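> One-letter residues, chain by chain:
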Amino acid sequence: MTTANLPTKHTVLVESEVEFTLAEFSRACRADIEHLVVLVYEGILNPHGSRPEQWRFEGRELKRARMALRISRDLEVNAAGTAMLLDLLDEISHLRARLGERGRLS
Amino acid sequence: MEFKDYYTTLGVARTATKDEIKRAYRKLARKFHPDVSKEKNAESRFKDIAEAYEALGDTEKRAAYDDVGKRHADGADFEPPAGWDAGFEFTGRNFGGDDDAAHSAFFESLFGRQRAGARGPRPSANAAGSDHHAKIQISLLDSYRGVQRSISLRVPQLDAGGLMTLKDRTLDVNIPKGIRAGQHLRLSGQGSVGQGNGPAGDLYLEIEFAPDSRFRIEGSDVYLDLPISPWEAVLGASVTVPTPDGSVQLSVPPGSVSERKMRLKGKGIPASTPGDLYVVLNVVLPPADTAEAKDIYRGMAASFPDFNPRRAQEA
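Those protein sequence lines, which keep their order, are chains W and X. Residue numbering for the first sequence follows numbering that gives the first Met the number 0, starting at 0 and increasing by one per position. Residue numbering for the second sequence follows numbering that gives the first Met the number 0, starting at 0 and increasing by one per position.
Bear in mind the hints are in silico, worked out from the structure with no lab data behind them. One should not assume that every hint holds.
[What the hints assert, rightly or not] DSS-like mimics (lysine-lysine), calculated; alpha carbons at most 27 Å apart, straight line:
1. X:LYS39 - W:LYS62
2. W:LYS62 - X:LYS134
3. W:LYS62 - X:LYS26
4. X:LYS46 - X:LYS30
[Claimed, not checked] Now the stretches of chain X that chain W is said to cover, found in silico as 3 or more residues with beta-carbon under 8 Å:
5. 19-29
6. 125-133
7. 162-176
8. 195-206
9. 229-242
All of these numbers come straight from a predicted model, not from anything done at the bench. Idealized CB from N, CA, C, for every residue including glycine.
Model the full assembly from the supplied sequences, consistent with the hints where possible.
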């Protein structure tokens, strides 16, 4: 990983300071590379770069990837179903946030 | 250790077919999966359900479980074979859960320890140790100020003689100011040890906020419901408002109504562009629990003969 040679107690905030290669992302997600490639082709993950060996995953994709992997494994749905489910969950959380904002801005 | 009745967990008969077990699992999984469910205790319910399915959905495991089940009643004490309790573990205040496929001690006593890592990439000679994930719970104030936390890890390690031993390790983790729920800290080299010359894996800590009775959090914005009296709302007032990091004075403008939202710019979660704190007003009526109080309300009714709160509904 980008900081693998730093002292062991080095702590970084993944969402803002880390970019993963596909191999690093596979370790961090504890998932097979093939599985992650499917998630990219399904549009669930959006790495920079065109070919898998050039892919770079932003730190904030870690949460989404782990969630997608849990959902496809535990609910036994394929990648297309997982993509649909994640989109719907995004929409629900967006609507919940709007509900939570009830009231007018003064 | 308590014997677990996996059939009851899935709500199926002991004679259920493989298909019936799968159907029962899928139905429960959709209801309780922590990523999709808003049910209370979804996380612990789902763990039980997934574990029951793992045991009953596999023909060999189910046979072994049924065999043990014949000798034990549910809830009765169960004596595990020696040596079952070994693995990568986490302890510490507000330090929750290890990798997502952790099993109960009962399950592991029957089927051995099968970590989530077993699903990951196969290790080879000189392979890097696997990465691990855990959750750590902090308060909103911790995010406003930053905090240091001690966590203890029990990590299996091979000793010089090639035996697996558990090693205790305490880590001090600096949780930076401005961190939000769902973000991750990576501690390099604090995961499993590597094979041969392979480097150690990393440890990922996912941040969770402890439930807070006063503040709601949306991204980096924080919401607070603020009860005010009718006269404060109508006449305006300067009121003391709690924020996660101390109190501030807020001026309530005259003519305010319930659900009016006041923004305290930059008083949300700190960042280069900090979030805002939104104060949502909630007008609370004084109770009319004495004759005197009732008279005051009657006096108001007499003073506002033309006031009709339902005018908008009467087309």
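> Hint by hint, say whether it matches the structure.
Quick rundown of the hints versus the structure:
no.	hint	result
1	X:LYS39 - W:LYS62	holds, 22 Å
2	W:LYS62 - X:LYS134	holds, 12 Å
3	W:LYS62 - X:LYS26	holds, 25 Å
4	X:LYS46 - X:LYS30	holds, 13 Å
5	19-29	holds (count 3)
6	125-133	holds (count 4)
7	162-176	holds (count 5)
8	195-206	holds (count 6)
9	229-242	violated (count 0)
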